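Using the sequences and the hints, build the whole thing.
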Amino acid sequence: MKPLLFFLSSCVFGPAFSFQLQPSVGVGVTRNHGARRTILKTTQNDASLEDVLVSESASQSTTSNGITATLFPATRATPSSSQRPLSNRQQLDEQYPQFPRTWVPIASTLELDHTRPNRLEFLDQSYVAYRNPRTSNNDQQQWVVMDNTCPHRLAPLSEGRVEPETGRLQCSYHGWTFEADGSCQRIPQVVPSVEQSAMANPRSCLPSYSTMLDARTGVLWVWPWQQDPLEFVGDEWRHPEGFMEGLILDPSIQNATEAGIMTYTRDQPYGWDTLVENLIDPAHIPFAHHGMQGSRSDAIPINMTSATNLGEAGFAFEWQDRTMGMMRTGEGKFRAPFLVNYNATFASPTGEAKPFRLSALCIPTRPGWSRVMVFSIPTTSAAAKDNTSTNNRIKTFKLGPIMAQLFKRLPTWGSHLLSNKFFDSDLAFLHYQEQLRFDDESANSNLRAS
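Just so it is clear: in the sequence shown, position 305 is 305 by the numbering used here, and no numbers are missing.
Please keep in mind that the hints were generated in silico from the structure rather than gathered at the bench. If you're wondering where the values come from, they're calculated on a predicted model, not measured in any experiment. The beta-carbon is built from N, C-alpha and C at its ideal position, and this holds for glycine as well. Treat the hints loosely; a few may be bogus.
[Unchecked claim] Using 35 Å as the maximum straight-line C-alpha spacing, the simulated DSBU-like pairs for lysine-lysine come out as follows:
| id | residue 1 | residue 2 |
| --- | --- | --- |
| 1 | Lys354 | Lys421 |
| 2 | Lys354 | Lys333 |
| 3 | Lys333 | Lys421 |
[To be verified] Simulated restraints on C-beta separations:
| id | residue 1 | residue 2 | range |
| --- | --- | --- | --- |
| 4 | Glu352 | Met304 | 23 to 29 Å |
| 5 | Phe429 | Gly234 | 39 to 45 Å |
| 6 | Arg153 | Pro251 | 45 to 51 Å |
| 7 | Ala283 | Arg153 | 48 to 54 Å |
Okay, here's the thing in C-alpha cells:
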C-alpha cells in the first residue's frame with residue numbers, strides 16, 4: 001500500500017486518492033517479465049499496414065456525474081502494401097490479447113500542459129494528448145488523444161504544436177496538420193490540385209481515440225482498443241464510473257480545480273505488477289517508510305482476509321495492522337486492472353476513530369516501468385461534520401498550530417517533494433528485486449526449453 005497519501009493527505013489535504021495496469025484476464029498479480037523483454041525487442045517497421053484506423057464524426061455527451069465522453073467510431077481504411085508501423089490499436093490487440101478491455105486512465109489533466117501536445121504511454125504504445133482550445137471551458141474541456149506518430153515521416157507529434165485558431169495538431173517536422181478526429185487537414189508540400197485527394201488518403205490520417213473526462217477528479221480516460229466501447233456498456237467495472245465509485249464522498253464536488261483537488265503523477269522504474277503488489281502489501285510500511293508513516297516498532301503480524309473471490313473485476317480484502325502506534329482496521333479493494341483502494345479507521349489512544357482513505361491508479365507504461373497517479377482531495381464543510389476535517393487529521397500527527405497552517409498552505413510543488421521522498425524510500429527494493437526475478441525466470445525458462 002502506498003500511504004504516501006496518508007502522510008500527505010492526512011497531514012495536509014485530508015483524504016487522499018489516486019489512480020493510472022496490466023495482467024492477463026485472470027486479473028491476479030501475474031508476472032510476465034518474459035513478455036516485457038520481448039516487447040522491447042519487437043519492431044513493427046517491417047509489418048504491412050493492413051489496416052489504418054480513421055476516425056469519423058464524433059459524438060459528445062456529458063453524464064450527470066460530470067464525465068464528458070467524446071466517442072470516435074473507427075472504420076477500416078483500404079489495405080495498403082506500404083511498409084509502415086501498425087497502429088497502436090493493432091499492436092495492443094496483437095501483443096496483449098488477454099488484457100482487460102476497459103477504459104484506461106491515461107493521465108491527470110491537472111498536470112498536463114494545456115498549451116501544447118503531451119506525450120503519454122500505455123502498454124508500450126505512445127500517444128499524444130492535447131486540449132482543443134476551441135472547446136475550452138471549465139467544465140467540458142475536450143481533450144484529444146491520438147497515436148503519437150505522424151503518418152508522413154513518423155515524427156513524434158508530441159513535439160508538435162496546437163494551432164490556437166483551429167485547435168488542430170501540427171507536426172513540427174514538415175507541417176502536416178490534423179483535425180481532432182485524426183483527419184489530415186493540411187500538407188504544405190503538395191500542390192493545390194492534388195492536395196484534397198492526398199489529405200483524403202487514409203494513409204495520411206491518424207487514429208483518434210474515444211475519451212472521457214471526469215471533471216470531478218481531472219482524470220482523462222481513453223479507449224485504446226479495436227473493439228467498440230459500446231459493446232461493454234453493461235459492464236460497470238470497465239468504465240470510469242465503476243472504477244471511481246465511492247472515491248469522492250461529497251456530492252458537491254463537481255470540478256477538480258474549483259474543489260482544490262491536487263494530483264501527483266510519477267513514473268516508477270519497475271513494472272505494473274510490482275507496483276500493484278507493493279500497494280497491496282501493508283507489511284512493508286513500518287520498515288520501508290520508517291519515520292514517514294509510523295516506525296519499525298509498529299510491525300506486527302497482519303491479519304488479511306479475502307472478502308470476495310478473485311475475478312476479472314478484481315477482489316476485496318479485510319485487514320488490520322498498526323501504524324504510528326495505533327491499530328488500523330479496514331477494507332482494501334483491487335479494482336482490476338488499475339485501482340487499489342483502502343478505506344480504514346484508526347483507533348486513537350483517546351478512543352476517537354480517525355478515518356484513513358487511500359486510492360492509487362496504476363498504469364503499465366512500458367516494459368519495466370509503470371506510472372502511479374495519486375490524488376489529494378481536500379475536505380469540505382460537509383465532510384468536516386464527520387470528523388474528517390484537515391485539522392482533525394493534523395492532530396493525529398500532533399503538529400502544532402503553526403505547522404498545521406503551513407501544511408494547509410503547502411503549494412503543489414511542495415506536496416510533490418514530500419511524495420517523492422515517500423516513493424523514493426522503497427524504490428531501490430522494488431526495482432532490483434524485479435530485475436533479479438526477471439533474470440531467474442529467464443534462466444528457468446531457458447532450462448525448461450533445453
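Against the structure, the hints come out as follows:
1. As the CA atoms of Lys354 and Lys421 are separated by approximately 25 Å, the hinted pair is consistent with the 35 Å bound.
2. Distance restraint check for Lys354 and Lys333: the Cα-Cα separation of roughly 20 Å lies within the 35 Å cut-off, and the hinted pair is therefore satisfied.
3. A distance of roughly 25 Å separates the Cα atoms of Lys333 and Lys421; the hinted pair therefore holds under the 35 Å criterion.
4. A C-beta distance of roughly 25 Å is found between Glu352 and Met304, which places it inside the suggested range of 23 to 29 Å.
5. Remark: the range hint 39 to 45 Å for Phe429 to Gly234 is upheld by a beta-carbon distance near 41 Å.
6. For Arg153 and Pro251, the Cβ-Cβ distance of about 50 Å falls inside the hinted range of 45 to 51 Å, so the restraint holds.
7. Range check, Ala283 to Arg153: Cβ separation about 51 Å, and the 48 to 54 Å hint holds.
The structure meets every hint from the earlier list without exception.
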